[in-house]
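Chemist: When you get a sec, could you build the whole thing from the sequences and use the hints?
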Amino acid sequence: MKSIKKLVLFFTMIMILGGVNVYAATVGDKLEQPEDGWKRYDDTDSRFIYQGEFLLGKSAEYGADYYNDTEHWLKTSPVAEDTKIKFEFLGSKLRIISTIFDQYSKLLIVNVDGTEYTFSEYGDHSYQMLIAEINNLTYKKHYVEIYSSDNIRYTFDAIDIDENGVLLPLNTTNLIATPNNTNIDLSWDAVADADNYVVLRATTPGAINTIIASNVTSTSYIDNNVTPGVTYYYVVRAVKGDLVSEDSNVASAMIENMNLAVLQIKLSTTDIYEYRMTMNETDAFMKWYIDKSNGTGLPFYKFEVNSKLEPYTNANEYLIFDKIVWFKVKEYTK
Numbered sequence: 001m002k003s004i005k006k007l008v009l010f011f012t013m014i015m016i017l018g019g020v021n022v023y024a025a026t027v028g029d030k031l032e033q034p035e036d037g038w039k040r041y042d043d044t045d046s047r048f049i050y051q052g053e054f055l056l057g058k059s060a061e062y063g064a065d066y067y068n069d070t071e072h073w074l075k076t077s078p079v080a081e082d083t084k085i086k087f088e089f090l091g092s093k094l095r096i097i098s099t100i101f102d103q104y105s106k107l108l109i110v111n112v113d114g115t116e117y118t119f120s121e122y123g124d125h126s127y128q129m130l131i132a133e134i135n136n137l138t139y140k141k142h143y144v145e146i147y148s149s150d151n152i153r154y155t156f157d158a159i160d161i162d163e164n165g166v167l168l169p170l171n172t173t174n175l176i177a178t179p180n181n182t183n184i185d186l187s188w189d190a191v192a193d194a195d196n197y198v199v200l201r202a203t204t205p206g207a208i209n210t211i212i213a214s215n216v217t218s219t220s221y222i223d224n225n226v227t228p229g230v231t232y233y234y235v236v237r238a239v240k241g242d243l244v245s246e247d248s249n250v251a252s253a254m255i256e257n258m259n260l261a262v263l264q265i266k267l268s269t270t271d272i273y274e275y276r277m278t279m280n281e282t283d284a285f286m287k288w289y290i291d292k293s294n295g296t297g298l299p300f301y302k303f304e305v306n307s308k309l310e311p312y313t314n315a316n317e318y319l320i321f322d323k324i325v326w327f328k329v330k331e332y333t334k
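For what it's worth, my numbering labels the leading residue of the sequence shown as 1, then goes sequentially.
Hint data in this document are derived by calculation from the structure and do not stem from the laboratory.
None of these values were measured; they are calculated from a predicted model.
Among these hints, one or two may not hold up.
Here are the simulated distance ranges between beta carbons [claimed, not checked]:
(1) Ser218 to Gly241: 14 to 24 Å
(2) Asn164 to Glu246: 17 to 27 Å
(3) Glu246 to Glu116: 24 to 34 Å
In silico DSBU-like pairs for lysine-lysine, Cα to Cα no more than 30 Å straight-line [as the list claims (entries may be wrong)]:
(4) Lys302 to Lys292
(5) Lys75 to Lys106
(6) Lys330 to Lys287
(7) Lys240 to Lys141
(8) Lys58 to Lys140
(9) Lys58 to Lys75
(10) Lys93 to Lys39
(11) Lys323 to Lys266
(12) Lys93 to Lys30
(13) Lys30 to Lys140
(14) Lys84 to Lys140
(15) Lys266 to Lys240
(16) Lys141 to Lys93
(17) Lys84 to Lys39
(18) Lys323 to Lys292
(19) Lys30 to Lys75
(20) Lys287 to Lys328
(21) Lys93 to Lys140
(22) Lys266 to Lys330
(23) Lys39 to Lys140
(24) Lys93 to Lys240
(25) Lys39 to Lys58
(26) Lys328 to Lys266
(27) Lys266 to Lys292
(28) Lys240 to Lys86
Note that CB positions come from ideal geometry on N, CA and C, so glycine has one too.
Modeler: Here it is as structure tokens:
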């Protein structure tokens, strides 16, 4: 018998020294870090929705030992019936990490896709405790609500889910488009857990559905296939496995057409005016003319004319729409 015990101890030491994790936490254990096969999201993640009078506690304020030094908690009991914590995740298993205390709920409900699982936060005061675990879910998107059925207060410190799962939504934010001389630079905020990004573009803001880049692993992209004078509209989607996020905010930009042109305008007085300008400025005049032809816009168009005659610094010419007989555009490369 002693030799068998020694053999078991020997193999146990080998497994520990070899770095093999043979320990699996169970509900009621302290769990300061996620175990192998799991990953953790802190309570301060913006994707958690707190409905009710939750407070944000910090370890230093309360002499506590919260995960990542923060925890959401309810101050008094009974709590309002509509007090809940809500979130969505992609995965097949879920753990709730929180504080145990003798003033906390004995009937804490973790509702996953409409199925209620009952757990307890009641007990001797301890931090970073595994208070709930739900396994054997189908690997898919799940909707979770946490609330107490006895209306007693409770806390929320973190969750653990599958290491290949993700807390949802998986959205890209702060997309910015910056025009340069020959291209448009795009940048956006990194999305936690995203494998890569897809960039889409259009020349109208209402239907941005043409993919111009996929499998983008950085948070920036340079669009070199652009035409000066055309406004481009962009969105970015984050990708995690087979999951693709909703569109980001729309960002737009246009490279100025720096080609020059001579704009000749004949008036009903038989005078012909001539202006040298960029094609962007010419396009602006043509837009005004078309709009005015359709009954909108000012009855005149202003041309800025530089003047070196003292004491003037500049002069403006105003052409009346009704006086224009024809105009001609002669474009040339700068």
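Chemist: Any hints this thing doesn't respect? Which numbers, in order?
Modeler: 8 and 15
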